[in-house]
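Residue numbers (the working numbering), protein chains in the order written: chain A, 192 to 762; chain B, 4 to 234.
Hints in this document: simulated from the structure, not taken from any laboratory. Glycine included, each C-beta is placed from N, C-alpha and C at the ideal position.
Derived lysine-lysine pairs resembling PhoX-like cross-links, with alpha carbons at most 20 Å apart:
{"id": "1", "chain 1": "A", "residue 1": "K601", "chain 2": "B", "residue 2": "K204"}
{"id": "2", "chain 1": "A", "residue 1": "K384", "chain 2": "B", "residue 2": "K221"}
{"id": "3", "chain 1": "A", "residue 1": "K481", "chain 2": "A", "residue 2": "K461"}
{"id": "4", "chain 1": "A", "residue 1": "K384", "chain 2": "B", "residue 2": "K229"}
{"id": "5", "chain 1": "A", "residue 1": "K261", "chain 2": "B", "residue 2": "K57"}
{"id": "6", "chain 1": "A", "residue 1": "K261", "chain 2": "B", "residue 2": "K190"}
{"id": "7", "chain 1": "A", "residue 1": "K481", "chain 2": "A", "residue 2": "K223"}
Just a sample of chain B residues kept apart from chain A, beta carbon distances all over 12 Å, derived:
{"id": "8", "residue": "T60"}
{"id": "9", "residue": "A116"}
{"id": "10", "residue": "Q123"}
{"id": "11", "residue": "K130"}
{"id": "12", "residue": "N176"}
{"id": "13", "residue": "A180"}
Chain B residues, not near chain A, derived (Cβ > 12 Å throughout):
{"id": "14", "residue": "T53"}
{"id": "15", "residue": "P61"}
{"id": "16", "residue": "G62"}
{"id": "17", "residue": "G110"}
{"id": "18", "residue": "W113"}
{"id": "19", "residue": "Y122"}
{"id": "20", "residue": "A124"}
{"id": "21", "residue": "V127"}
{"id": "22", "residue": "Q133"}
{"id": "23", "residue": "E177"}
{"id": "24", "residue": "L178"}
{"id": "25", "residue": "G179"}
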Amino acid sequence: MPQNAISQEIFDAVVVGSGAGGGTAVHVLTAKGLKVALLEAGPMLDVGTEFKEHKVPTDYDHRGAEEGGKSYFGKGKPFGFFSTTSGGWELEGEPYTVGEGSQFQWFRSRILGGRTNHYGRMSFRFAEYDFKPYDKDGLGFNWPISYQDISPYYDKAEEFIGVAGTIENVPSCPDGKFHAAPPPKVHEMLVKKACDKLGVICIANRRAVITKNLNGRAACHYCGQCGRGCQSASAYSSAQVQVFPAMKTGRLKVFDLAMVREVLTDENGKATGVLYVDKKTRTEKIIKAKVVILAASACESTRILLNSKSKEFPNGLANGSGMLGRYLMDTVGFGLSGTVPALEGMPHYNTDGYGGAHLFMPWWLWDKHNKLDFPRGYHIEIGGGYSMPGVGSYHGAARRYGYGANMKSKIREGYGNTIGFAGRGEMIPNIHSYCELDPNVVDRWGIPVLKFHFKWTDYEWKQARHMEKTFAEIITAMGGKVAGLSASQRESQGISIPGTIIHEVGGARMGKSAKDSVLNGYCQTHEMKNLFVMDGASFASNPDKNPTLTINALAWRACDYLAEEMKKGNV
Amino acid sequence: MSNFVPLETIDRRALIRSLALGLTAMGAMDMEAAQHVHVETGAEKAKSGTYKVKTFTPGEYKTIQQLAVLIVPADTVSGSALDAGAPEFIDTLASQNVQIADIFHGGLAWLDAEMRKRYQATFVAAKPEQQTQMLDALVEAGRELAERQSEELVYQKSPIYKDFTGYTVRRANELGAGVAFFDWVRKMTVDAFYTSPIGFKDLNYIGNQALAKYVVPKEAMEYALKRSPFA
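Same shape as in the complex, but just chain A (with noise of 0.2 Å):
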């Protein structure tokens, strides 16, 4: 293609996506005094305009219902106003279609630190049994490396992005490197005496905020926005705790509102760069560049790999194992809430806390799977406490009252009276969920789309069963109200739609042989050695933890190796 601008430079490494993988490998690849281009597909991160920390509705006179009443129409933010998300489940002119009989949503962030601005920060480890599930109970796959591979690179991912949280030694979520965790509220008070008394385990939760100053970052501030984004960078996000200070080093380049197609790829069986369509200019672009690295989220990589398509990879690359989009998976989700009257009248404090739940439930059944009709586990997080009222925050509440002197009352009474429950649970992976290229549709940057194809299983829809049950029973032994499903809401609500947990993984997972897997256990593809996928397409299962901090260790331990393997000459 020789009408394209091909960059004079030519990088140690390009890394596609600057999310939690990008943002690990652009830090320990600086680190190493390698020469790093970094490419996003959204624009870069202002942190004193995109983050609405510590703002009140009243600082917009839209109240946060978004210019013209948005949200009143269910186009606003998908997590409101003052959320720093900058995407969504859908993208303006970036479709993607999903098969008949599927359900799938697939969430894009396109930023600087993509979806690490807003997640919910929870920072669990594997457990040593997650890594050898199919040896656990014949489903799925094991992964090709094992707790003790990991378990250092977990220790440097928590050590640099800083995780609060306490030693316990519950072997379904080992500890890590902790600062001090905040104590636990009222009413997750009350719930850890119900789960004591269910044989339920109850900890203090795992979240990536730091609690005492780290690297020029600021301990939290307990003003519980984290979902707003952290303008102390309290809160880890990959763009304020690693990318920038990774442009410091001078050895970062980024460029922004680069959408890439495709990896270029030479004749003796090597990446040599990317291929993007430069957002602002609508021309595309060259980056040359030793070593390519994809880090544009599970998904978003698996359609890179298949839009590169040429004679010696007809099916795209890294693809020799038509693996390629299989085995794509998201996270069970199913929630419940109910009412508390203990908490009626309780005098108000500020339940803000280091922004989520102080205290989580891990998996408390893992050796008691021959009582259980599903396999795996989940892990639960709780809601509840006096939240910022925000708009549509009573909508509910008004029309069950009405109007008038005995709406107002009754809303004052139950505010912070609620408490719920969310399921966070392992799915196990299935043929009929993958994603491969739509050949009729493009995006308006003329990429081929991906096409979804998705189905829980009864695996799936059991656990979910199980979920409902233990939550109603947590909320009956607090002395609470459930508020219950109705059949026609269970047929509806009760499991996720998929890709709504925003936990989608796999698509080129890593494996023992190029014969069934895309990657080995470095990240690095079975069939070029200079190629390299460091997000969450990597995961040969997608255990109940929350795969970012999981992310960041394969990320950082794929760049040690990488490193090593250039200075062998091997890459």
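With chain A's structure known, arrange chain B on it following the hints.
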């Protein structure tokens, strides 16, 4: 709270700048700076001058104002939705979105027409008890409609064909259009009220502060535990 230390004297712009730079400045953010911004952003918006109506006629606006007082009235704890700026909020969004403007133009016209039919007076001109009678009727009709959603088809005698009994769709409520409008004016009024400083105070919301340390007050913990099954 004892660990809440408001600061009033520092130059706000400089502080926001230092906050915004965050990590790029490679300096630990000052606790004082964080606290100051939290306090400032809350206080600054409390001021409100005379509002110039952008979308509605004086008659329409008066009706929206009266609805605001009725939907969230003042009581011993806090002021009304009118005090909290609900009419301004609705007018502002209507000025930005013709869809909202039309919902209110049409809904307000429907309301006055219905009031004239019932009481020979517009909503604003009607007696207070007539106004609440109308709203009560809308709430009642709204509940009925909600219940019906899941049982659209009922086995009943046809109101039209005398000899026919079978599954028919129940007759729509005559107040249907009014119910839809009332839902809009109510949800926007409630939103405006609870997102305002008055609404924050009504609920006794005390978050969004910068704290040096997070503490759960003992009296709250004891209060709930005493009333729980774990007492």
